[in-house]
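Residue numbers (the working numbering), protein chains in the order written: chain A, 1 to 682; chain B, 1 to 682.
Treat the hints loosely; a few may be bogus.
Taking lysine-lysine pairs in the DSBU-like style, the calculated list, with each CA pair at most 35 Å apart, reads [said to hold, decoys possible]:
#1 A/Lys52 x B/Lys52
#2 A/Lys191 x B/Lys205
#3 B/Lys653 x B/Lys583
#4 A/Lys52 x B/Lys629
#5 B/Lys122 x A/Lys52
#6 A/Lys161 x A/Lys191
#7 B/Lys234 x A/Lys161
#8 B/Lys84 x A/Lys122
#9 B/Lys84 x A/Lys234
#10 B/Lys122 x A/Lys205
#11 A/Lys443 x A/Lys326
#12 A/Lys355 x A/Lys108
Hints were generated in silico from the structure; no laboratory data involved.
There are 2 protein chains.
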Amino acid sequence: MSTLFRFVSIFLLIGFTSCLNTKIDRMAKKATSPVQLLDSPSGQLQLIFELKSGVPTYRLNKGPEFVILSSDLGVVLEDEDLSKNFEIIGYGKRDSSSTWTQPWGEVKEIVDNHQELAVYLKHDSGKRMNVIFRLYDTGLGIRYEWPDQEAMNEFVIMEEKTEFVLADDHDSWWLQAYIPNRYEHLNIASKASEIDTAATPLTMKTDNGLYLSFHEAALTDYSSMSLINRGENKLQATLFPWMDGTGHKVRAKTPFVSPWRTIKVNEDLDGLVNNYIELNLNEPSKIEDTSWIEPGKYVGIWWDMHLNRKTWHSGDKHGATTEYTKEWIDFAAKHGFNGVLVEGWNETWDGDWTKNADQFSFTESYPDYDLEEVVDYAQSKGTNIIMHNETSTGIENYESQIDDAFDYYQQLGINTIKSGYVGDMIANGQWHHGQYMVRHYRKVVEKAAEHGIMLDVHEPIKDTGIRRTWPNMMTREGARGQEYNAWSGDGGNPPNYVPTILFTRMLSGPFDYTPGVLDLLLKDNEEGRPKNRVHSTLAGELAVYVVIYSPLHMAADLIHNYENYPIPFQFIKDVPTDWEYTKVLAGEIGKHVTVVRKDRNSDDWYLGAVTDENAREYVVDLSFLDDGKEYEAIIYSDGPAADYEVRPLLLIKYGQIVNSVSTLKINMARGGGMAVRFKARN
Amino acid sequence: MSTLFRFVSIFLLIGFTSCLNTKIDRMAKKATSPVQLLDSPSGQLQLIFELKSGVPTYRLNKGPEFVILSSDLGVVLEDEDLSKNFEIIGYGKRDSSSTWTQPWGEVKEIVDNHQELAVYLKHDSGKRMNVIFRLYDTGLGIRYEWPDQEAMNEFVIMEEKTEFVLADDHDSWWLQAYIPNRYEHLNIASKASEIDTAATPLTMKTDNGLYLSFHEAALTDYSSMSLINRGENKLQATLFPWMDGTGHKVRAKTPFVSPWRTIKVNEDLDGLVNNYIELNLNEPSKIEDTSWIEPGKYVGIWWDMHLNRKTWHSGDKHGATTEYTKEWIDFAAKHGFNGVLVEGWNETWDGDWTKNADQFSFTESYPDYDLEEVVDYAQSKGTNIIMHNETSTGIENYESQIDDAFDYYQQLGINTIKSGYVGDMIANGQWHHGQYMVRHYRKVVEKAAEHGIMLDVHEPIKDTGIRRTWPNMMTREGARGQEYNAWSGDGGNPPNYVPTILFTRMLSGPFDYTPGVLDLLLKDNEEGRPKNRVHSTLAGELAVYVVIYSPLHMAADLIHNYENYPIPFQFIKDVPTDWEYTKVLAGEIGKHVTVVRKDRNSDDWYLGAVTDENAREYVVDLSFLDDGKEYEAIIYSDGPAADYEVRPLLLIKYGQIVNSVSTLKINMARGGGMAVRFKARN
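Assemble the whole structure, with the sequences as input and the hints as a guide.
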């Protein structure tokens, strides 16, 4: 008798060949057991799939604790309920281990280690649907696949039934979905049970100290997912409808895949912020040569309008004049900014421009603005004009001009467009987040890529990581930007705004917040709204450049303000927008945070810390610094009496020599912050 | 970016080294997820372990169907409830693939391919308990381990909580537990819901056509398990108690293991009968040289007493006389039988011997029986005396003499003991199946092995496969033997008895049924019970030698009957008791069965078919025969008018030449059968 003990892979299955998401009719060895388990690469998380009486379900646990209790999966089609009456026709499993490099980003290298489980289902109608799970040590992606098949060709999804059943009534930070204004709201902090319908990303903290985020990845030709509270800790996916009376959510044709539904699970805020599973769940770059894609900072004609000093429309106060643009070009060139944004340059801003959705021109300038002249002038000074495309939600109008306009821009040498979709709904009645607009936003990204153009989208579709596939999709809004401080009737963005959004909206991707307003009291603002101001301190406003990641960061303030504040302005000039590493050193959602990031193009590190309306003092250790290297820490700190409400402008700049065994005292005034450049010596 | 796809083993764990069950404190890589999955080697079965709110549970499925729904595990100790409040401290997994050879048996080679999952649990009291699952393609073994630990030394199990929750109310064949008479009852066929408390093995058939058997393996120092019906398809283990008022079920000391609880799952009756997981779950042979262990057939002084022609006790009709024994020795020698059993040879059968538990001698003969003389005579004729040890349940008495007695037997050259434990309870009040007797039965096996003695135990502990470890443990009773036909007030064993027990009692191991009574009408029986008879036909009685497996088979009838029936007696002489292969060609539990077995020592095959009170006719194909070989089929068939009630003796013997592409018509009278020798032609 010979007995051979081996350590083996236990499961059956396997055998599919598609490397990414393009082939969706993978065949696996037949295995029909109703339960399958998937352990993440290092065993941090475990997924349990189970077909329960014909209903596909999943659970997720971390160690002994369930993160997600048994949750149903499926969709309802117009002609079939694909959320029950399934049988299993097979499973596939595989693992993947890779590292890829972001052409730009908050980190340079991203590791993609995951285990994948494909569940091949057959509905009693004969329709086949697959559920794909990708399990990382820090989260889960779930996607539906409808392979090419005789039983399904064109189909319509009326609702998605994906559930996320929480293990408890967690602390949650969320935005209400299905209300106008494109994610430009303050986060609500509440128990999960108080959620109505939440936009994603939706952030939670468990009593065990886990940080969860629910979102989606690779939203390509589908409708955006929100999460509706079904009671008893159950959240369920809901999709934005087509607004044409059909109730359709998604119109599709096999082979077809859904976006990935994602659950991030991290033990600390650093892990949460550095969780890149959504980028990993997007396909690799389709742009082979990315050398023309350059992160950077820009200035321009924008804050003027928010302060009512200039106008988008024509007339005496028209901002976008050739002359004023040249002033900005000179300023940008002098201080090393990569671009000058000029809004209100084209025809049709006059009158109520939000009603001009069908009239905007994307090639014709106002008479007082010579586009070609300013573009030439900028290029001669070594900077660029950032083209502004405000659609006013006129999608048909924009799409009818886009080829000609982008050809023209490319011809001019313009490499960046800031686009806008101002309006509560799209002009033809669609939601910004329905399948119609998902398709549009994606189309513009692809057209821009063809024309060598980077995009900064305002009033955007939410970020689901497509910058991995289209790295010309640089940054976007989709949150309350700086302009709310200029005119918002609710007083603007409170001090806890930035310490919140780093852990909510920012989890989805870069945010063009347009920071850098140094005239915090907005002396330049119009008389009618004297209470509006920036609710921060100078140090806090500088820190935003590090805390909020954007590959294109604006320095939003006016030229004379930068000239009046040379000390903080130096930090704005110094701070990079492309990073090698990012680390959260300390933080509490909605209260404070200290972030450090390492410049991708030097050995320098930068630190940004911000706090809510409470002053804070704590010590961080600088062990993130390279071992054995000395740094000159150039510290921009709140002055001893600084206070965002009464003395926001008290800034202290000082230096000290530090290394990786040093500590640094973070000292923040009420509503203040701290910004540090760790300048490598050698 | 390089992406590497590999197929890998997913789970964590692993890393224990014990090859079998002796080391029970294996350490595994820490993994604390509450759910683990185990797929059987070819994926036929899947085990799902889950710690549910501190309670260890398991499920078992075959393909898409659950065989066992969520079932709790655990035991209740005298001082602690080890069925809840557990946490997981780790898992271990390993697989094993081996083949081993039975020194004798129903098949020669047994494949042992399994996957093992060890679940390391810690109770909130600090006590550690492991649950070990061994999963085969055809069944599951579950065992508890209590490793050596400071928190546990000596302990008492008050009850076991192992559950088996059925997926449906299956058809069941079972014996009532906790009633006297040592498994000597007819099986009850009912729905599972009608089970009260069932002895094991317990057989079921599902609506999907799966055959299930619930039993245990390696019952070494524990109490026997029965299954109590808790309603709603839930069976729960229950253990025979110590009968001393303590309520103790098991007295133990760490390190300690329970027997394996087994669930066999097969798609057909051939698989069920050839399911050897219980042998696999026993440890390999402890007897290195097994050459002295020889299967065979025996005759002897036994049926005489059941017919009241002779007596066990002394007097005129005393069976065990030197003279009568020599007649049997001559008969055995003439016809090639390996042994002659002589019952009633020793002192103390006089009076009501069932009350003489403390008086039996195991070395002292009645005056009319010269043990040494008959032993010498037998050996001189090339056969052996089979020693008879009736304990009358006097365990202390037996154990006090056993060393001397076995020494004496060994000295005489006796190689086989038939032992007996007649009594409803053991003389000291214990159950035959409690831990006290488990220890005793095992002790006798070990002592016999030391003395080169094979055992045939009547009124035994149930078989749990220890013949693998102690291959001198040949066969046993533990069912209604032939003697019930002689005197049972209920008329004896009905025709459906053998077609039932092959799929119930026989699943646990060999059965010394003592077949071969050719005087089916029992003309020799005493006048007072003329209705008693064998409820079969001659062909059916012959078939029992093939259908019922026993390495020691008796030819039970009297010498003159064998002389009167030379044709059927030839089959009894021919049929072997050691097999290379066993196959069930056709069958239905309790109705009929056709079994073929291949002689281990020749190329011959043998077929046995039996039916219940219904005549049956069907064709089997002979593809089991070796390809390209010709066989002379010597067929013993019921005559055209045969009927077990009115014409049981109508036997036809005929021959035909067949090969592996031939078919054979099985033609059985009411209560009849068929026996075939396929004699290989060269």
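These are the hints, each one checked on the structure:
For the suggested pair A/Lys52 and B/Lys52, the alpha carbons sit about 17 Å apart, so the restraint of at most 35 Å is met. For the hint pairing A/Lys191 with B/Lys205, the CA-to-CA distance comes to about 51 Å; that exceeds 35 Å, so the pair is violated. Annotation: proposed proximity of B/Lys653 to B/Lys583 holds, straight-line Cα distance about 23 Å (limit 35 Å). For the hint pairing A/Lys52 with B/Lys629, the CA-to-CA distance comes to about 52 Å; that exceeds 35 Å, so the pair is violated.
Between B/Lys122 and A/Lys52 the alpha-carbon distance is near 30 Å, which keeps this suggested pair within the 35 Å criterion. Proximity of A/Lys161 to A/Lys191 is assessed by CA-CA distance (about 23 Å); at most 35 Å being required, the pair is judged to hold. This hinted pair checks out: B/Lys234 and A/Lys161 have alpha carbons roughly 34 Å apart, not beyond 35 Å. Using a Cα cut-off of 35 Å, the hinted pair B/Lys84 and A/Lys122 is violated, with the two alpha carbons roughly 39 Å apart.
This hinted pair checks out: B/Lys84 and A/Lys234 have alpha carbons roughly 28 Å apart, not beyond 35 Å. For a cut-off of 35 Å, the pair hint linking B/Lys122 to A/Lys205 stands: about 29 Å separates their Cα positions. The hinted pair formed by A/Lys443 and A/Lys326 meets the criterion: a straight-line CA distance of about 33 Å does not exceed 35 Å. About 43 Å separates the Cα atoms of A/Lys355 and A/Lys108, which puts this hinted pair outside 35 Å; it is violated.
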